[in-house]
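Asker: Residue-level listing of the chains:
There are 2 protein chains.
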Amino acid sequence: MVPKVNPKSAPSEDIATEAWGLLVPLVYPPRFIEIAHKLGVTPPQLGALRLLEQPQTMGRMAEHLRCDPSNVTGIVDALEDRDLAERKPSAGDRRVKVVELTAAGERLRARAVEEMFKPPAWVKDLSPADQRALRDILRRAGAEGGRPTGAG
Amino acid sequence: MVPKVNPKSAPSEDIATEAWGLLVPLVYPPRFIEIAHKLGVTPPQLGALRLLEQPQTMGRMAEHLRCDPSNVTGIVDALEDRDLAERKPSAGDRRVKVVELTAAGERLRARAVEEMFKPPAWVKDLSPADQRALRDILRRAGAEGGRPTGAG
DNA sequence: CCTCGAAAGTTGAGGCTATCAAAGATTACG
DNA sequence: CGTAATCTTTGATAGCCTCAACTTTCGAGG
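Chain order of the listed sequences is A and B. Per our numbering, the first sequence starts with residue -11, numbered consecutively. Per our numbering, the second sequence starts with residue -11, numbered consecutively.
No lab work stands behind these hints, which were simulated from the structure alone. Using N, Cα and C, we set each Cβ at its ideal position, and we do this for glycine too. Heads up, some of the hints might be wrong.
To be verified - To spell it out: a stretch of chain B is covered by chain A in this simulated footprint if at least three of its residues, at any positions, have a beta carbon under 8 angstroms from a beta carbon of chain A; those stretches are:
1. 100 to 113
2. 120 to 128
As the list claims (entries may be wrong) - Calculated from the model, a selection of chain A residues having no Cβ within reach of chain B, i.e. all distances over 10 angstroms:
3. A4
4. E6
5. A24
6. P43
7. M46
8. G62
9. D65
10. P77
11. D113
12. L114
Can you build the whole structure from these sequences, using the hints too?
Answerer: Structure follows, in structure tokens:
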């Protein structure tokens, strides 16, 4: 009923591949986009908001968002226009600008984080045993790879 | 070391929320974007390519991609310009245009699907027992919700 | 001091994606 | 037939994104 990566056309050699094949259609739906829309910001703005739990340099934001620094300029401009963030000069280095959330920005960020943590139906509908098993597996997965999670 | 939704700032009331909180940083990294870039197409073009396992109407593509129909026009234009797809008239209804992959489009789609099915490191590095458990949980999750998975 | 190279951020050009409103073509129904 | 509904495209507008070029600032050496 819906476009999906057809498992039948996949290699499916090993269990890891099979598990991943099952996970993709469950997580690929653009939740991020939906949340951004719900909160009245664009997805890139939400991505930036998400980074700003603590003040960040423009350059660091670009690294984390995996985009060109010039791109961050426009996104932060938009956040400033809406009084969600503001640029401040860096004490030590006058080339650097530090972006910090305003009170309104903090509030919106809190709502965004809350939304992102709401588990989708397919997780909530799992049996308690499966939920625990899933959580434990993911803990082990997350523990061994301190792997980057930069998300835009 | 990387921007993440800080678990400490989450509600974490129940296990479902906790499991989801662990899953988000493992899956949010824009794999889709990376694959698109690797294959030399834009993400929306990859999304369209992904739908075209079988020929699709413009309108159906818009539904599946969750975007305005007028948007699909441009994306399909781009695919046609690159000889990855072509529009064909619909037999029964001359308003409708059916988009079909060319041979080159099929080849590129095959590569895309292959890439998408490569499990990320965190899945491959799980123990065989965890891999099986994860697969089984996801099978159950996918089975009970015949839920939409439209992805862009 | 003073110049030279590197770094941080911005600007401008060009392209792609997205939405909305409106138009064109075609079909379906009364 | 004629009117409404459907499928797609066009045009206007806005945002994101990358690249190359530029400004300001920092740091190291002469």
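Asker: Run every hint past the structure and note whether it holds.
Answerer: Tested hints:
no., hint, result
1, 100 to 113, "holds (count 12)"
2, 120 to 128, "holds (count 8)"
3, A4, "violated (4 angstroms)"
4, E6, "violated (5 angstroms)"
5, A24, "holds (13 angstroms)"
6, P43, "holds (13 angstroms)"
7, M46, "holds (14 angstroms)"
8, G62, "holds (18 angstroms)"
9, D65, "holds (20 angstroms)"
10, P77, "holds (23 angstroms)"
11, D113, "violated (6 angstroms)"
12, L114, "violated (6 angstroms)"
Hint violations for this structure: numbers 3, 4, 11 and 12, all remaining hints satisfied.
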